[in-house]
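A.B. asks: Line order of the protein sequences matches chains A and B.
Read in order, the letters of the first sequence are residues 1 to 337 in full-length UniProt numbering.
Read in order, the letters of the second sequence are residues 1 to 389 in full-length UniProt numbering.
Fair warning: there could be bad hints in the mix.
Stated by the list, open to error - Once the Cα atoms are required to be at most 30 Å apart in a straight line, the calculated DSS-like pairs of lysine-lysine come out as:
1) A:LYS332 to B:LYS44
2) A:LYS239 to B:LYS384
3) B:LYS335 to B:LYS44
4) B:LYS335 to B:LYS76
Because the hints were derived from the structure by calculation, they are not lab data.
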Amino acid sequence: QKRRFTFNLNCPTQKMNLFQSITSALDNTLASDPTAVIFGEDVAFGGVFRCTVGLRDKYGKDRVFNTPLCEQGIVGFGIGAAVAGATAIAEIQFADYIYPAFDQIVNEAAKYRYRSGNLFDCGSLTIRAPWGCVGHGSLYHSQSPEAFFAHCPGIKVVIPRSPVQAKGLLLSCIADKNPCIFFEPKILYRAAVEQVPEEPYIIPLSQAEILQEGSDVTLVAWGTQIHVMKEVAAMAQEKLGVSCEVIDLQTILPWDTETICKSVVKTGRLLISHEAPITGGFAAEISSTVQEECFLNLEAPISRVCGYDTPFPHIFEPFYIPDKWKCFEAIKKMINY
Amino acid sequence: EYEPSHIYLNRAVSAGAAAVVSARTYADFTNEATFEIKKCDTFKLDEGPATQVVMTRDEGLQYYRTMQTMRRMELKADQLYKQKIIRGFCHLYDGQEACAVGIEAAINLSDHLITAYRAHGYTYTRGGTVKKIMAELTGRRGGIAKGKGGSMHMYCKHFYGGNGIVGAQVPLGAGVALACKYQGNSELCVCLYGDGAANQGQIFETYNMAALWKLPVIFICENNGYGMGTSVERAAASTDYFKRGEFIPGVRVDGMDVLCVREASRFAADYCRSGKGPILMELQTYRYHGHSMSDPGVSYRTREEIQEVRSKSDPISMLKDRMLSNNMASVEELKEIDVEVRKEIEDAAQFATTDPEPPLEDLCNHIFHNNPPLEVRGTNPWSKLKSVS
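Bound-form chain A, shown alone (with noise of 0.2 Å):
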């Protein structure tokens, strides 16, 4: 069966690509509550990726409002907003600038409600943060560092593919009563470009989406890699008549076992691919998984086709990532196990 969200098809659609949908699930925020704040670098002009652009215009410079470069700060900051009741929406310029704030995300955020018995929460905090390579960012502007957070119990990590589910998934997070961090892939910022529904609408945290239904082989992934993995999919079909389940992960903290699980059992063939390096990736955590639950059900070894475990390079990007041949490559070898 395949997983899909529900909205009224007949409302109103405009054309919107990733960061105009992100624009649009903020704007729908502050629009329907009140104690919703926007805060991070240069958010107040729009954002060094256009995502708050008019907000501060039509919603005030009390809610929409530009922090100093201090990221332990900020996300520090948004979890004391979050205590005390504001919808906090905090923006880190780049994932890789995230690590200073680890600690406030590890140790404050995920554990508030823990420790405190829940007597208190940081729920309403969603970090948003620029995600993945985009051809030229090399060391400093391309990592996914999801794989970091996967491993913190207590917060919630999720990775849109496109504009549509990016309105769905943020407003879900922003709703959601747990400490949510939203990575946007920054490459697809202007280069996914889809119908929009304008109202807001929530896609549910936790639930994978079946893309496309196959029966040889299941084809994981989630933001960007998404894309390759639906040409990798066409790719197989043409040229070796193999069909691909292809499922998009979408939250990758607390991740759907049982949709992809299930998926495994019935093609008995498993590729995960990311773009973070392969030693430690979220990959590593899918494969162990369904080695426990399926492992009678495998008909070959389950493939991980990430990064290498290298920094992000700088010229050598190109070679780096996982491309569709790489992931071509890797199915042909799991027909013929």
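Assemble chain B onto chain A, guided by the hints.
C.D. replies: Just chain B now, kept in the frame of chain A:
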């Protein structure tokens, strides 16, 4: 190394004098002059840097050549970036040349320096060649970091980069200073950061450590008025960056005047070397380009403002005027330097464009220190690359 230009032959007394290359005194030029410079504001200091300074003709010509080289190098980088020969991120330093040159004039090459990502100028003053810097920008194997670092990650002896993460270089600088103190070599570390970085937490942690342990570190805040697109008034509760050290004495310096920077740096270096601990300098400077090549630089400031700084406070023009009005050099002489600089930059750009890219094996090299070579897993499970250091 600076050598007098051959054009002086026109003014030389006799052909025999042409054979002597160095240490000539020209009857036509003044060898040294005294200049009045702006008094620096000080914080927790009884006295500040000198306001009357002496500059010799040779020093002046050297500063001029260095600043002009930096200026032309940055403008060439701008050109190459627009031609997409340089890709990625590129943060240009033009307008701020007096800072790098002034600081270097006051310290030794055996001292240490670390800065943030607007580092091309410092790479040059610390000993990198224009050729290697440009080849690093274009990502070629002749680059100063073998093409693996790019614009933000250039290094050379006693120069620790070139750091992309804002503020992260400051604790590092204190660590280098600790090593200097520990080894008792009376070297110091110059640790630079910007006005945007001045609001990072780790900088205050570093102030505390440096003061507590009396480390020989000169903290320098290069205040160019804008942290990316945010002006200092909108980002900082206190824009007196030289006072931010609270328990560390501070000096505020006109960063557009190379002599001011040099004098203040000398003052700071003496302070550090005498074992009194860290000192903080704020250089008030300005950048003509935007934050990076993706920033036009005019959405948060007016073109008039940039033009005004260019016409009234340009560091190279200021030095040129000083030298010409004190008869320390001739217009032709300086023009000759310009021509030589232009040629050097052209040659470097040519090299940077034609040098081959680093070999693919370098993708996995230098991750760890390893002996024997380490296997690197990656994009597909059945192929492994080797990493060597």
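A.B. asks: So which of the earlier hints does this model not fit?
C.D. replies: When the structure is compared with the hints, numbers 1 and 3 turn out to be violated.
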